[in-house]
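Student: Letter by letter, the chains look like this.
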Amino acid sequence: MIKTKDQSNIELPHLLLVEGIDDANFFEAILNTLSLNDVEIWPIGGGRDFKKRLGVLRKLSGFERVISIGVIRDADTNPTAAFDSVTEAIRENGLSAPASYGCRSTETPIVSIMILPNGISSTGMLESLCLKAIENDPAMQCINSFFDCLHTHSVFQREVDEDKAKVHAFLASREKPDKRLGESALAGYWPFDSEIFEDLKRFLFEIGNT
Amino acid sequence: MYKSIKINNFRGFKEFEMDNLGRVNLIAGVNNVGKTALLEAIFLHCGAYNPALTLKIDSFRGFGQIHVEFDRSRLEKSPWDSLFHDFDKSRKIEINGKFTDGSVRNIGLQIVRPSGESPEKGPIIQYGPSALKNPPLDTENTIVLKLNYEEFTKKKSKMNHGSSFLSIGPGGVGTPIIKQPPFPAAFLPARYRPPPEEDAKWFSDLEVVGQHDMLLVSLKLIEPKLKRVAVVATGGAPVLFGDIGLKQMLPLAYMGDGMSRFASLILAISHSKGGVVLIDEIENGFHHTMMKKVWDAIGKVASSSDTQIFATTHSLECIIAAHKAFTLAENYDLLVHRLNREVDAIKDVTFSKCDLDTAFEMKMDVR
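Heads up: the protein sequence lines correspond to chains B and V, in order. Following this note's numbering, the numbering of the first sequence begins with 1 at its first residue and continues without gaps. Following this note's numbering, the numbering of the second sequence begins with 1 at its first residue and continues without gaps.
Hints in this document: simulated from the structure, not taken from any laboratory. Please note that the accuracy of each hint is not assured.
Listed next, the in silico DMTMM-like pairs over lysine to aspartate or glutamate satisfying Cα-Cα at most 20 Å (straight line) [unchecked claim]:
| id | chain 1 | residue 1 | chain 2 | residue 2 |
| --- | --- | --- | --- | --- |
| 1 | B | Lys59 | V | Glu17 |
| 2 | B | Lys59 | V | Glu317 |
| 3 | B | Lys51 | V | Asp355 |
| 4 | B | Lys59 | V | Asp348 |
| 5 | B | Lys132 | B | Asp163 |
| 6 | V | Lys156 | V | Asp205 |
| 7 | V | Lys363 | B | Glu19 |
With the sequences and hints as input, model every part of the structure.
Tutor: Printed below as a string of structure tokens:
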């Protein structure tokens with residue numbers, strides 16, 4: 001259940017904190033495949049917003065009944081900094097944070113953190129993970145050629161966002177070409193049975209079953 | 001001004017503390033969590049030395065008459081039983097307040113028998129349907145509520161303590177003459193309207209000191225046609241009338257419930273200089289589009305009168321209106337408190353300006 005409507009408070013015992021509403025849609029699609037119905041998804045932003053909004057979230061009615069909290073964050077260019085920023089915000093809001101990446105905190109609510117696409121060992125984002133899951137899709141050959149062409153002509157400037165751009169190109173090749181990542185996940189465009197999503201699904205499963 | 005308040009063994013509060021109080025405190029929370037009880041506890045604490053206020057808060061809840069059956073076999077019952085948490089009269093009610101100037105006052109309430117600490121030492125006033133000149137305080141049928149207080153007044157650098165007693169017996173209610181409370185306080189209950197003559201009296205008091213325009217300026221926010229407010233003696237009682245440009249002036253009550261309630265609010269605040277006003281369900285009688293204007297006026301009058309406000313609400317619109325009004329005011333004097341029921345205790349969760357900015361941006365419910 002995504003909490004973005006008016007007058008939201010906390011109703012379920014498990015929280016998943018993600019950056020934006022499109023991320024929330026994406027993770028809701030995976031939770032649906034796992035039949036995890038007791039997880040509330042709060043798109044509370046990253047960076048400074050995360051710390052500030054977590055501070056208010058923990059004051060909402062129902063927070064005292066929360067058992068577990070999962071936080072998913074993009075690694076971007078510095079996965080360690082992403083992890084440290086989340087743990088610092090958690091601690092500064094009076095919650096217990098995992099001692100290191102891959103651990104869970106020891107006090108209730110139990111907090112766990114996942115940095116995408118692949119923990120603190122690689123840079124990237126959710127879209128990087130998605131691209132790995134479709135690397136054998138026929139559309140990818142065309143898309144990679146297209147981006148090679150862009151690079152050859154020095155047209156594409158923002159290499160840091162290349163995975164995001166490739167996901168958009170992939171989605172442009174689908175039946176309804178105007179969907180964003182989260183919407184496309186809800187529409188079933190992504191192969192969640194791929195082993196690429198296994199770690200992510202395990203992470204979500206643990207949150208929903210703590 | 002209160003800085004913090006601690007309540008033990010009163011109504012639904014076993015142990016409760018609010019340690020972050022501001023000029024205007026808006027209290028939210030689900031039904032039956034203790035919002036009105038919190039106001040009652042603060043009201044008793046404001047009264048400081050007066051155990052008879054325990055009967056007054058019951059009348060605010062709609063219990064106009066005290067009914068006590070003096071049946072020897074049922075003496076365990078008293079009119080104050082519901083004040084005690086879980087009806088446990090073996091534990092004393094304690095209400096402790098700290099003030100921003102460094103002063104402290106603690107009061108305790110307990111039911112005692114007339115023997116031992118006897119109230120006959122002080123002069124007795126009594127009232128009741130069959131009042132006797134001297135209530136039979138030494139009989140076994142008399143129930144006595146003892147209030148003890150201890151206070152440290154920073155200004156005088158002085159400790160002070162004492163007790164007062166309220167007795168109820170077959171002869172009526174007996175209460176000792178008590179000293180004046182340290183500062184004025186007013187309680188505006190959700191379902192009870194102050195008598196019109198009380199508003200008229202408070203308005204007259206403002207007029208004496210040349211501050212009566214405060215009411216007109218405030219009321220004009222919700223009735224721009226209002227030109228003048230005056231006290232008119234009608235039917236033997238003074239009543240507030242307003243001039244909105246008709247052939248003759250109208251009682252404020254004829255301009256709607258909201259208008260007369262708003263007048264009562266403003267008069268209570270301006271009359272309680274340096275004190276406290278407690279307002280239960282502040283949104284009652286006001287259309288939600290008026291709430292920001294109501295808060296504008298409350299903020300200004302509270303600040304100029306140095307009055308601290310405690311108000312309860314169920315309305316998110318009311319909280320949003322208050323936040324908007326104080327965001328635009330000279331000082332952001334608002335704190336929102338939500339009373340949260342957690343396992344076997346009630347906790348205060350306080351929302352600052354930044355918290356409210358974030359919560360409303362995220363469409364979170366702070367009630």
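Student: All the hints need checking, so say for each whether the structure fits it.
Tutor: Now the hints, each set against the structure:
Taken as a hint, the Lys59/B and Glu17/V pair is honoured in the structure, with Cα atoms around 16 Å apart against an allowance of 20 Å. With a C-alpha separation of about 19 Å, the suggested pair Lys59/B and Glu317/V falls inside the 20 Å cut-off, and the hint holds. Taking the CA atoms of Lys51/B and Asp355/V, the gap is about 11 Å. The hint holds against a cut of 20 Å. Between Lys59/B and Asp348/V, the direct Cα distance comes to roughly 10 Å. Compliance with the 20 Å bound is thereby established for this hinted pair.
Between the alpha carbons of Lys132/B and Asp163/B the distance comes to roughly 10 Å, so the proposed pair stays at or under 20 Å and holds. Proximity of Lys156/V to Asp205/V is assessed by CA-CA distance (about 29 Å); at most 20 Å being required, the pair is judged violated. Taking the CA atoms of Lys363/V and Glu19/B, the gap is about 16 Å. The hint holds against a cut of 20 Å.
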